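J.: Model the full structure from these sequences, guided by the hints.
Residue numbers (the numbering used here), protein chains in the order written: chain W, 241 to 715; chain D, 241 to 715.
Quick caveat, the hints were computed from the structure, so don't treat them as lab data. Misleading hints may appear alongside valid ones.
Identical copies go unnamed one by one, so any copy, or any two together, can satisfy a pair.
Stated by the list, open to error - Taking lysine-lysine pairs in the DSBU-like style, the calculated list, with each CA pair at most 35 Å apart, reads: (1) Lys456 to Lys711; (2) Lys539 to Lys529; (3) Lys456 to Lys681; (4) Lys288 to Lys487; (5) Lys529 to Lys456; (6) Lys681 to Lys288; (7) Lys490 to Lys288; (8) Lys539 to Lys329; (9) Lys487 to Lys329; (10) Lys560 to Lys487; (11) Lys560 to Lys711.
All figures in this text were calculated on a predicted structure; none of them were measured in a lab.
There are 2 protein chains.
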Amino acid sequence: MAATAPATPAQSAGAVPALPQQQADHVGILAAEVYFPNTMVRHEELEKHDGVPSGKYTVGLGQQGLAFCGDREDAVSMALTACKRLLEKHGISPMEVGRLEVGTESSVDSSKSIKTYLMMMFEEAGNTDIEGVDCVQACYGGTAAVLNAANWVESRSWDGRYAVVVMSDISLYPAGPARPTSGAGAVALLIGPDAPLALERGLSATHMSHAYDFYKPSGLYPAVDGPLSVYCYLNTMDLLLARYAAKFEKRMGRAFCLESDADHALFHAPYNKLVQKAFARLLYHDMCKHGEVPEALAKWSLRDGSHPRPPMAMPADLEKALVAHAFATYDRKVRPSTCVARQCGNMYTASIWSGIQQLIETTGASLEGRRVLMYSYGSGISASMFSLVGRRPEAPRFALARLQAMSDLAMRLARRVPKSPEDFEQAVQLAEQRYCAGNYKPELPAIEELEPGTFYLAEVDARYRRIYARKPAAQ
Amino acid sequence: MAATAPATPAQSAGAVPALPQQQADHVGILAAEVYFPNTMVRHEELEKHDGVPSGKYTVGLGQQGLAFCGDREDAVSMALTACKRLLEKHGISPMEVGRLEVGTESSVDSSKSIKTYLMMMFEEAGNTDIEGVDCVQACYGGTAAVLNAANWVESRSWDGRYAVVVMSDISLYPAGPARPTSGAGAVALLIGPDAPLALERGLSATHMSHAYDFYKPSGLYPAVDGPLSVYCYLNTMDLLLARYAAKFEKRMGRAFCLESDADHALFHAPYNKLVQKAFARLLYHDMCKHGEVPEALAKWSLRDGSHPRPPMAMPADLEKALVAHAFATYDRKVRPSTCVARQCGNMYTASIWSGIQQLIETTGASLEGRRVLMYSYGSGISASMFSLVGRRPEAPRFALARLQAMSDLAMRLARRVPKSPEDFEQAVQLAEQRYCAGNYKPELPAIEELEPGTFYLAEVDARYRRIYARKPAAQ
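T.: Here is the structure:
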């Protein structure tokens, strides 16, 4: 063969036919599935156990309960469960998926992605031709994955198949004031064109910078600067509101007004009280911009064109008054998507996206023609503000009314049986022992306590290989 | 304001104007910059020091030297250096960048991305509106990031700005047979339309599955199953060649032939000997498919339509004969892109992409009209086979001849001053001590030994915050 090789290179790529130019429309969320561990503890119980004043966690943090994993579940098993639920429930064959990626900050390996574990369920169906890997950047990784998936569908790489994005995380804090903000859960999203919740392309605003508000440099527990975290979350939201509003105004020819232009707002939720404050702050921006200030806030002299006080210089009583004033609007625009986060705790990457299935469950076809404003935040810092628009897709399979009818979130939240604070502490001790460990069989919870169809960690062998199994689905 | 709120939701999203439909063309690599630490050790010296037969590393692995970091550099500092070099050398303002993402498996934090550290140089220029996060999936993360960036440029998210992709990794193995395959380095790529090395859209083939060939579950060092790794690398390449060839045939109307259809081939390079074997194996597939078998290989009865022996069933003497036979073609198509990997060791995500700058440096404008076949592999498993096409861009700034003239890779490789094997061992011991540590000042190498313009780790404080500094660039 060497004898037949050309003396000069082949100029091999001279005449490559162009690809068709058609670009997909209305790309966004076709369906969403949330998974949370069955094991949970109520914040009411935690308050008693921790000897803190009643209301400190339930009112002060705005939380009702937190989900925890024991050592039987991890970010991989939760991702497997959420992904399988999405495919099975919506009748998606693994062959129909051309992109799969994961947002996480709870990976069990520094090299091997959670995505490769999810490939097990696609491989057994004969499909390994699936792009995408793990996206890692604190709580923002899932949003990065969603934007990547949407870009793929609109790019020349797209081959007509669906994208699946899975977010899966465990948040766990050392004993102390942050521990009640622990949580766990996973979300799987089906992404494609003709979506009932389409991304508003061209309105997405992003802010990224370097900060040490929350990071995880040294083991199981994160390093957290609480006040800096809150400041970064709110300050970044201010920046993004300005960027989003500028894009909105340029495209729509009028100023953005939260009250009239966003029917729903979803927030990354470290704990619900911060979501309440964030939403009130968005309304505060509206007031300073549009000048419609209610009587109750008259003493702060907000007027048309006044500058919102930056988060650092916000008087506590003004913030409190704003939250109180915003309550009715919050009730309408935000509350319908906050149950999972309030009852399961911080799910990191899955946090904001857990609100989507819940919004579909509570609101259904009424979302058609409505705008959902999203504020996704990841410490470190990375954040985006963007919007989804509800619409009636051509494919009835993904109609909002149908998705609503199929959703079982409230039912699944309600049927969990709470564990005691002592059980939670035992699970945390186990997590400490198991961190980066090999050669063990998981102990908690008992397999009987898992929901049917749940994936779980069956064993970690002496070579640190993790073997997963699935509890049979209900008949 | 509550009084003026509408009783029913706003149906806010009724009339959103459509975005323009124009899609970018010839998206690909506009420029590439490689960075490797100045501190390196020669494999010849390592052979003597380790008391192994002469040639074991140099011929057996095909390696010449390995770069190592000490504790003064890490994956973040190398990413900073590579990114800064790319921007400065090609006169790209940080304001011109709209997407920045990182491929890595050597992150210093489980939550905060390397991308957020890179934001420092964009923030100081006033640009924080930059999408993209870290892509994590073994050595494939960089390729995933490149594909994401290309999709972004072709999507409706694109705003006309450049994308930058940075790959940065340290490979380090415990004392024993794998240690000589250690290495370190980073690559920064500028991605956009009208590229001198454009991705051939529609020809990319991907394979992902679950395997434990190489992973990193328990600390500094990976867990490696050597024979399984080699098998997975070669077996995945077989699968991808078939997929790539099928797409090629469908689009081009003729069978793919490595000899005539690929002028260059780049491979992920754990060590050079595997690259030699992999390329010989691709030629072997050509033979079995096209039947042009040279005399020297006659005894193995390869004929038109015969099936290549799978990697597991490959006789050692046939593999050796294939490598020998392929030598002349390897010399022409592969060698011109392998110097960095052979002299710096495994750079994980940066490995295959380090070949791009080198190919530009050795080949320049002769790449126009030529096809470069790429085989990117990450353990776990994820891999893609795809191709780039050399072309003359409309913007002379990124013409291949100009990129070639500006490249200084061979010069920088040559002016490194080798360290002793003892120095390397001392650096490894330091890496063991520093793993997940806080509260220290880096010791090695001395700042004087860094190249001008290199970023380095100045301090890790008691709260694990990493402070980076930059050695002044040469005047």
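J.: Indicate, hint by hint, whether the structure satisfies it.
T.: Results of checking the hints against the structure:
Within a single copy, Lys456 and Lys711 get their C-alpha atoms as close as 32 Å, and across copies as close as 28 Å, so both meet the 35 Å cut-off. In this assembly of identical chains, the alpha carbons of Lys539 and Lys529 lie at most 35 Å apart only when taken from the same copy (17 Å versus 83 Å across copies). Both within a single protomer and between protomers do Lys456 and Lys681 lie at most 35 Å apart by alpha-carbon distance, with minima of 26 Å and 20 Å respectively. Proximity of Lys288 and Lys487 under a CA criterion of 35 Å is satisfied in neither setting, with 48 Å inside one chain copy and 64 Å between copies.
Taking the closest pair of Cα atoms, Lys529 and Lys456 never come within 35 Å of each other, the shortest separation being 38 Å inside a single copy and 51 Å across copies. Taking the shortest alpha-carbon separations for Lys681 and Lys288, only the intra-copy value of 32 Å comes in at or below 35 Å, while the best inter-copy value is 44 Å. Taking the closest pair of Cα atoms, Lys490 and Lys288 never come within 35 Å of each other, the shortest separation being 53 Å inside a single copy and 68 Å across copies. Taking the shortest alpha-carbon separations for Lys539 and Lys329, neither the intra-copy value of 53 Å nor the inter-copy value of 56 Å comes in at or below 35 Å.
In this assembly of identical chains, the alpha carbons of Lys487 and Lys329 lie at most 35 Å apart only when taken from different copies (32 Å versus 37 Å within one copy). Taking CA atoms no more than 35 Å apart as the test, Lys560 paired with Lys487 passes inside one copy only; the shortest distance there is 30 Å, against 61 Å between copies. For a Cα distance limit of 35 Å, the shortest separation of Lys560 from Lys711 qualifies neither inside one copy, at 47 Å, nor across copies, at 48 Å.
The earlier numbered hints that this structure contradicts are 4, 5, 7, 8, 11.
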